[in-house]
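Asks: Protein chains in written order, with this note's numbering: chain P, 1452 to 2005; chain F, -4 to 213.
Rather than coming from a laboratory, the hints here were simulated on the basis of the structure.
There's no promise every hint is true.
Dumping the calculated DSS-like pairs for lysine-lysine here, alpha-carbon to alpha-carbon at most 27 Å [said to hold, decoys possible]:
#1 F:Lys93 to P:Lys1634
#2 P:Lys1777 to P:Lys1742
#3 P:Lys1651 to P:Lys1761
#4 P:Lys1570 to P:Lys1532
#5 P:Lys1976 to F:Lys(-3)
#6 P:Lys2004 to F:Lys54
#7 P:Lys1817 to P:Lys1742
#8 P:Lys1586 to F:Lys93
#9 P:Lys1882 to F:Lys(-2)
#10 P:Lys1718 to P:Lys1651
#11 P:Lys1586 to P:Lys1637
#12 P:Lys1699 to P:Lys1737
#13 P:Lys1563 to P:Lys1705
#14 P:Lys1651 to P:Lys1532
#15 P:Lys1818 to P:Lys1866
Taking CB as the label site, the calculated pair distances span [what the hints assert, rightly or not]:
#16 F:Glu34 to P:His1839: 20 to 28 Å
#17 P:Asn1850 to F:Ile147: 56 to 64 Å
#18 F:Phe148 to P:Asp1778: 18 to 26 Å
#19 F:Phe100 to P:Asn1909: 24 to 32 Å
#20 F:Ile147 to P:Ser1773: 19 to 27 Å
Beta carbons are placed, not taken as given, at the ideal position from N, Cα and C, and that holds for glycine.
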Amino acid sequence: MPILVIIFFLILSSPVGAAVLSDDCFDCHEKFKKRTSHESIACTDCHIGIKEIPHEEKLAPPACNACHQKTVERYSAGIHKSKGLECNQCHELHKKKKGADCASCHPNVAHKTLPSKAKHLAALNCVACHGKLDKSGITATVTLPRGATLERKAVDRDGNGFADPAEWHAFEALLDQKYKGYKLEKQYWAYGDDHEIMPKAADCGECHEKRTRFASAVGRITDATGYSVPVTPSVFIPEFPSLREFPKTVHGQKGVRCTDCHISKDKITDKVCVRCHEQVYHTYEKSIHAKKGATSCTDCHNPHLINTYKEFNAKERIAICSRCHKDYITRHEWLPNTALHFDYLECTTCHSPGSEKSIVFFFADKKGNKKSALQYEDLERVFGKDVHLKSVINTYAENIVKGEEIGRFVVDLKKKMGKTIFVDAEILVTKVHHDYSVTRLKERNCVTCHSPQAHFYNSMYLILPEKDRHIYIPVKGTLLSVYPIGMALDIYLLGEERITKDDIYALLGKAPEGSPAYAKSLGFKLIDLVGVILVILVILSILAHALLRILVKR
Amino acid sequence: MKKVFLHTLTIRIWHWINAVIVIALMITGIQIRVPGIEELARQMAVWIPEYSVVVMIHKYIGYAMALSFLFWSVYILASGSFRTHYLLRPADLPTLGKQARYYIFGLFQGSENPFIPTAEGKFNPLQKIAYGSVMLVITPLIVITGILFSDIFFFRGVIDWLGGVRLLVALHVVASYLFLLNLIVHLYMCTMGHHIFDHIKAMIVGFEEMPEDSPSKH
């Protein structure tokens, strides 16, 4: 009976269609018998799917993830997997040998776009920039001359537990003075998984600004006692403040990375800009300004600036030109009320004839003689967080706003924010044409602008501050003077109002009940209309009176 | 014939200087208000000064106007002429209608002018109202708004208090239209003397000759 039981259990535990012993494999694959790697596991642990021998000709790839699950997961997230590389392309799975290193596939990488290439390559391993890091940091080891000692206080002067930049620099100065022959060795160590290599290298800001890499640093003083002091990492990796704002810039928002433009450590040339801004560049290239004045794009444009030109007011736009044209006020002394003009215009309003100019309206606050445009934060305080101002002003959500709507809004705004709120205006370029060849304008003709025919009346916009940007909404109408008092009270261009024959005919042609409404729609133009009609009536009455006098000879 | 002395030498000189000032301001003012005139003049090959020049002229003649008005105010107050000639008295009111009826009907029917100008009272009630409104309301309004325009930075506070530049422009222009209407009527009415040029002559020589028995048609 016991024999029967043993046989029964042997039958139950026998690998019926399951286990193929490795020894069976070696019958054919003899060379793997002497494998030096993975020698303790069975062939079928990796080469899954073998149920019997002989096995099928085509086998599934070895299941590395059965044991190396985490590594495989990280590898799957990396660039190498997405390029179709498998484990065995770097790892010899049956031999005890380290996997191929980066240089075996990527020897002598040029790193053309890396600024300060030699410094970076000497200090960092590949993973430091190309991998996802588990740990990274900087260790600055100071080896003092034999026998010398230094108190902790020499490094951490204020005793707060770490050395800030001022303390560390003072410490280095002390070393230079009193500890001749000391050694300072900086080690930028980065540990990550070589398997998870990112498609694109880390951006400069990860080390030089946000510090998602190399976020900690420590100064290790190796004197008789030996101790470590945490140090502010910016001591060893300089900070680039412009990087902080860069993600908010137009370039940053559109996904331009540092190395897209900084292709070498040399100053950026127009060749870099032209790759994206080709058309504008070719227009500018031919202009006199490009040939004689600002010869490169960056002479005027700061690519690290958050604001686009549309967010600049007249004064800020002038500031760009006046970096070179410092004498712009004296050169425009011929212009009556020079300062007043420069409060409301920018240089290119006149000097770039191809540009489109518009009257732009915006909400502003007046404190004494100081005017300042209302920002989104100011309006958010009144209308609530994340307010969409356009829908507050323009209830029908058309992409055009009427003078009355702005007028109503500003009246409401005055109630909420005080009487000093008003609608201000400037005449700005809204579509830039980069030909600035027009200098020394011969035509100093006031009537070009001081006339109802001035072209900027045909393009009027309301600038609304929204979160992180300004939006331009077209304003209906072509004449300021017909806008309601609430809106256009403080905006007046000499010579802008006009009464046309059409207005008079239209008014006279209206049915009696329609004419008051029409007259109202004429706004301030009504003054001239009524005035001219009265003058004509008085002259006619006088003529009639004079005629009668002649007739009766009095 | 009797000589009725009406206008002192000072007033006569002031009147003609003021007239030149007013005409110049009117002409320049129209060009400022209607810039299209420049284009029109170019088409008709007529020379007119540039806009900026016109604006400047208007500004400086405007200062002259302010001085002229100041002089006139001081003079009529100091000489007592305000009380004598301009002040509308209760006695004037009943004659208002009579005077208006004369201009509209009486004149043509051969009636006599109910008012005879004398050194003691040179304006009839209608004239008192017309000159009073021009010299005491309209001109000061134009002068004050004009001065505020002369430097809108300097007067920023006042302009804001008044309600903005556009409202100031409206006031200035409305007052100018009223002034113009008065001027047109004034120019016509000065032909209403005994002879057509009598009133004009009086403003040059100071007195008007009137027949002993026939009062003026004033």
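Asks: Please go over all the hints and tell whether each is borne out by the structure.
Replies: Hint check:
1. F:Lys93 to P:Lys1634: With a Cα-Cα distance of about 116 Å, the restraint between Lys93 of chain F and Lys1634 of chain P is violated, given a limit of 27 Å.
2. P:Lys1777 to P:Lys1742: Given pair Lys1777 of chain P, Lys1742 of chain P holds - Cα atoms ~19 Å apart, limit 27 Å.
3. P:Lys1651 to P:Lys1761: Since the Cα atoms of Lys1651 of chain P and Lys1761 of chain P sit roughly 32 Å apart, the hinted pair is violated (cutoff 27 Å).
4. P:Lys1570 to P:Lys1532: The hint is violated at about 30 Å.
5. P:Lys1976 to F:Lys(-3): violated (52 Å)
6. P:Lys2004 to F:Lys54: Between Lys2004 of chain P and Lys54 of chain F the Cα gap is close to 44 Å, so the pair fails against 27 Å, i.e. violated.
7. P:Lys1817 to P:Lys1742: Distance ~42 Å between Lys1817 of chain P and Lys1742 of chain P Cα, so the pair is violated.
8. P:Lys1586 to F:Lys93: violated (108 Å)
9. P:Lys1882 to F:Lys(-2): Outside the cut-off at roughly 75 Å; violated.
10. P:Lys1718 to P:Lys1651: holds (23 Å)
11. P:Lys1586 to P:Lys1637: Given pair Lys1586 of chain P, Lys1637 of chain P holds - Cα atoms ~17 Å apart, limit 27 Å.
12. P:Lys1699 to P:Lys1737: Violated, at about 32 Å.
13. P:Lys1563 to P:Lys1705: holds (23 Å)
14. P:Lys1651 to P:Lys1532: holds (14 Å)
15. P:Lys1818 to P:Lys1866: holds (16 Å)
16. F:Glu34 to P:His1839: 20 to 28 Å: For His1839 of chain P against Glu34 of chain F, whose Cβ atoms are near 44 Å apart, the range 20 to 28 Å is violated.
17. P:Asn1850 to F:Ile147: 56 to 64 Å: Roughly 35 Å apart at Cβ, these two residues miss the hinted range, so it is violated.
18. F:Phe148 to P:Asp1778: 18 to 26 Å: holds (22 Å)
19. F:Phe100 to P:Asn1909: 24 to 32 Å: Since the Cβ atoms of Phe100 of chain F and Asn1909 of chain P sit about 54 Å apart, the hinted range of 24 to 32 Å is violated.
20. F:Ile147 to P:Ser1773: 19 to 27 Å: holds (24 Å)
Going down the numbered hints, you'll see the structure goes against 1, 3, 4, 5, 6, 7, 8, 9, 12, 16, 17, 19, while the others check out.
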